[in-house]
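Colleague: Each chain, written out:
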Amino acid sequence: MSWISNVAPKIRSFLKRDTPENLWVKCPESGQLVFHKDVEANLWVIPGSEHHLRMGAVARLKSVFDDGRYEDIAIPDVPADPLKFRDEKKYADRIRDARAKTGMPDTVKLGFGKLEGTDVTVGVQDFDFMGGSLGMAAGEAVVRGLETAVERKTPFVMFTASGGARMQEGMFSLMQMPRTTIAVRRLRAARLPYIVVLTNPTTGGVTASYAMLGDVHIAEPGALICFAGPRVIEQTIREKLPPGFQRAEYLKDHGMVDMVVHRHEMRATLGRLCRLLTNAPAKAA
Amino acid sequence: MRSYLDFEKPVAELEAKADELRTVAEETDSPAIRDEIAKLEQRAQQVLGELYRSLTPWQKTLVARHPLRPHFKDYLDALIEEFTPLAGDRKFAEDQAVVAGFGRFRGRAVCVLGQEKGNDTDSRLRHNFGMAMPEGYRKAVRLMELADRFGLPVLSFVDTAGAYPGIGAEERGQAEAIARSTEACLALGTPNVSLVIGEGGSGGAVALASTNSVLMMEHAIYTVASPEASASILWRDSGRAQDAATNMKITAQDLLRFGIVDGIVSEPVGGAHRAPEAAIRTAGDAVADALASFEGLSAEDLRERRAAKFLAIGRKI
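First to last, the sequence lines map onto chains B and Z.
One point on numbering: in the working numbering, the residue at position 223 of the first sequence is 380, and numbering is uninterrupted.
One point on numbering: in the working numbering, the residue at position 195 of the second sequence is 304, and numbering is uninterrupted.
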C-alpha cells in the first residue's frame with residue numbers, strides 16, 4: 158500500500174469538512190453562490206434568482222404551521238421488503254441507509270396543527286428518502302394522513318415530491334395508486350378540502366394518483382410535474398423537448414394546476430383556501 | 110405455419126420430425142410410420158406441457174407478448190354479443206387504444222372496456238400498440254359513469270405495455286386521466302371485473318383494473334413498470350430485463366399468493382395462442398363466476414368491498 162492511499166482519504170475528509178459545499182449553496186439556475194444559512198432562512202429559495210430548492214419534510218412542516226409547531230402523526234408500520242429484493246444493493250440496506258440519512262422511517266411525514274388559526278392535517282413527501290418513491294410505507298402514510306383529516310374534520314394538505322414508484326416493492330408499489338385514491342374519496346365524502354402542493358419533482362404513479370386528485374392544485378415555481386419523465390419521452394419520440402415542458406407554469410397553462418405559488422406565499426395561500434373552502438371567518442387583520 | 114419461442118426449441122424439433130414423417134407417409138403409408146408420428150406428437154405435447162408448467166417470469170413475459178396471443182378483439186368477438194362501440198371522450202379525441210362500448214355478456218347487458226394492441230401494421234398504428242392517450246382513459250371514465258347510471262356491470266380487459274409517454278399525452282394530462290379512471294373504477298356502484306389477458310403495464314393498467322375482482326390469465330404478467338423499464342431504473346441497463354422480470358414478482362401465480370389479484374384463468378397446454386378458443390371460453394366462465402359472486406349486492410356494498418379489498422393489500426403478507 159502506497160503512502161498516498163493512506164493519506165488521500167484523510168485529505169478528502171479534511172477537505173470535505175471545510176469545503177464550501179457545506180457553507181455555500183450554488184443556484185442551479187444562475188450559478189450564484191449563496192450562504193447556506195441565508196438560503197435556509199429564506200425557506201430554501203435562492204434570493205435573487207428565486208429558484209426553489211428542495212426542502213426537507215421537517216423544515217416544510219415548520220414552514221407551514223403557526224409558530225412552526227405541530228403534532229407529529231406516526232406513520233403506520235408496513236411489512237418490510239415483501240419481495241426480498243436486491244438490485245445492485247439489497248433493498249433492506251437501501252432502506253436502512255435512507256433512514257440513517259434522513260432520520261425518517263420512510264418518505265412521507267405527517268403533521269397536525271394550526272395554520273393561520275385553522276386546524277389542518279398536512280402530509281409531506283421528502284425527496285431525500287429514496288427519491289420520494291411511492292411504496293407501501295408512503296402509501297399507507299398518505300392513507301393515514303387522509304384518515305386523520307377525516308377523523309379530526311380538517312382539510313388535508315399534501316406536499317408531493319416523487320421520482321415515481323418504489324421499484325423494489327414491485328406490484329405492492331403500484332397498488333398504492335388505488336389505495337390512496339380510496340382514502341381521497343373518503344375525505345371527499347366527508348366534504349373536507351384536499352389541497353395538493355406539487356413540488357419539484359412530482360412524477361409517475363404519484364402524479365397519476367393522489368397528486369392529481371386534489372380539489373385545488375398548487376405548484377411551486379419551476380417544479381417538474383409529469384407522468385412520464387422527460388428522458389423516457391425523449392427516448393420514445395427521439396426528439397428534444399420544448400423548453401419549460403412539464404414545468405409548473407406549463408401545467409398551469411394547460412389547465413392541470415390552479416396556481417403557481419412562491420414558497421413565501423404558500424402559508425398565506427393555504428390558510429386562505431382552507432378558510433374559504435370550509436366557509437370559516439376571514440383572518441383577523 | 111407454426112411459430113416458436115426460443116425456449117420452445119425442444120418442442121419445435123419434435124414437431125418438425127413429425128412433419129417430416131408425415132411427408133414420407135404421403136408417399137409410403139405404413140402403420141409403423143403412423144405410429145411413430147403419433148408418438149412424436151404425444152411426446153411434443155408432453156414436453157410442451159412440462160415447459161409451460163414451469164415457465165420462468167421472463168418466459169411468461171415472452172408468452173404474454175406473443176404476437177399470436179389472443180387480443181382484446183378476440184375476446185370481444187367470442188364473448189360479447191351485440192357489441193356496440195362508443196367513441197370519444199367528449200373533450201378532445203377518440204383513442205382506439207382503448208376500445209369501449211356496451212354489449213351483451215351471456216345474455217345480460219354490460220359495459221366493456223379493453224386495451225387492444227392490434228395484429229398487423231395498420232391495426233397496430235390505429236390502436237397505438239395498445240398504449241392509451243389521456244383520451245382513452247377519459248372515454249373509459251365516461252362509459253363507467255354511464256354504466257353506473259344504468260346499473261350495468263363493467264368488464265375490462267387489460268393488455269398494455271403502459272400509458273403512452275409522449276408530448277401530447279403529457280400536455281393533455283396523462284397523469285390526471287389515469288388518476289380519474291382509477292377513481293371511476295373505485296366509485297362504480299355496479300360490479301366490475303377486470304382480466305389481464307397479456308401485459309398489465311403499470312398505471313396504464315391499474316386505471317382499468319381497480320375492480321371488485323381482478324383476474325389474470327395463467328401466463329399474463331402485471332408489472333409496476335415493464336421489465337425493460339424496471340431494469341433501466343434499477344441497473345441503468347435495459348438489457349437486464351430478465352433479472353427485473355425475475356425479481357419483481359410479475360406472474361399471476363406470485364400476485365395471487367400476495368393477494369394482489371383474485372384469481373387465475375388456466376390456459377390450454379402451450380399457452381392461449383395455441384388454442385385461443387378454449388382459452389377465451391375458460392376466461393368467459395371465470396368472468397361470469399366473478400360477476401355472479403357480486404349478484405344482489407347494493408352499490409354501497411360493492412364500493413365498500415372494493416375499497417376494503419384494496420386497502421387490505423400488503424397489510425398482511
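Note that these hints are calculated values from the structure, not bench results.
Just so it is clear, CB atoms sit at the ideal spot from N, CA and C, and this is done for glycine as well.
Treat each hint with caution, since some may be false.
As the list claims (entries may be wrong) - Covered stretches of chain Z, going by a simulated chain B footprint (3 or more residues, C-beta under 8 Å): (1) 283–289; (2) 309–321; (3) 357–370.
Colleague: Are there three or more residues in the region 309–321 of chain Z whose C-beta lies within less than 8 Å of some C-beta in chain B?
Modeller: holds (count 5)
Colleague: Count the residues of the region 357–370 of chain Z with a beta-carbon closer than 8 Å to any beta-carbon of chain B: does the count reach three?
Modeller: Held - the region 357–370 of chain Z has 6 residues with a Cβ nearer than 8 Å to chain B, which meets the minimum of three.
Colleague: Can you confirm whether chain B covers the region 283–289 of chain Z, using C-beta to C-beta distances below 8 Å and requiring at least three such residues?
Modeller: Holds, because 6 residues of the region 283–289 of chain Z bring their Cβ atoms closer than 8 Å to Cβ atoms of chain B.
Hint violations for this structure: none, all hints satisfied.
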